[in-house]
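Every position in the sequence shown, counted from 1, becomes a number in the numbering used here once 134 is added.
Any given hint could turn out to be false.
To be verified - Here are the simulated lysine-lysine pairs, DSBU-like style, with alpha carbons at most 35 Å apart:
| hint | residue 1 | residue 2 |
| --- | --- | --- |
| 1 | Lys171 | Lys205 |
| 2 | Lys189 | Lys205 |
| 3 | Lys229 | Lys174 |
| 4 | Lys242 | Lys191 |
| 5 | Lys143 | Lys229 |
| 6 | Lys241 | Lys205 |
| 7 | Lys189 | Lys143 |
None of these hints come from the bench; they were simulated from the model.
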Amino acid sequence: MDYQTITSKRQFKDATSYSRAEFEELLADYEQTYLDKYGKSYEELTAENVNAIPKLKTLGDGLFFVLFKMKNDMIWGSFGLVFGMSESAAHRNFKFFLDLLNDTLEKKSSCPSVSLKQWQNLKRMLAKQKN
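From just these sequences and the hints, can you work out the full model?
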């Protein structure tokens, strides 16, 4: 699924619980967290270290992937099917990108620009996913 092809505001929000503008704001922080953690962009590290083309080519893809799963609680096999990957790959990717989201939210919790309600909603959703 390519989130960039979603043209309806309602569909985007239905898929992620976020407007596109809110998603893009969170994505900027998500990308910065990745850069701080690994010293290079996701795309650079992927190009250097991965032989096959990944299903999730950008951090935007990864963030959408996590938010979609959190909003649409599917079994791993179905979730993988929607994103063109196996059940185990979906689970592995979800864990990786969810951990990055958690790190991002931890950093944002002390940032005055983040909406308290937005942060609390994501933290609540993250807690459900870890159980």
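Hinted pair Lys242 and Lys191, Cα distance within 35 Å: It holds: about 24 Å lies between the C-alpha atoms, which stays within 35 Å.
Given hint Lys174 paired with Lys229 - CA-CA distance at most 35 Å: 20 Å, holds
Satisfaction of hint between Lys143 and Lys189, Cα-Cα up to 35 Å: It holds: about 24 Å lies between the C-alpha atoms, which stays within 35 Å.
Hint consistency between Lys143 and Lys229 [alpha-carbon to alpha-carbon, up to 35 Å]: Given pair Lys143, Lys229 holds - Cα atoms ~27 Å apart, limit 35 Å.
35 Å limit on alpha-carbon distance, applied to hinted pair Lys241 and Lys205: 22 Å, holds
Pair hint outcome, Lys171 versus Lys205 [Cα-Cα no greater than 35 Å]: At roughly 26 Å apart (the allowed maximum being 35 Å), Lys205 and Lys171 satisfy the hint.
Holds or violated: Lys189 to Lys205, with C-alpha atoms at most 35 Å apart: This hinted pair holds, its Cα atoms lying about 20 Å apart.
Violated hints are absent here; each numbered hint is respected by the structure.
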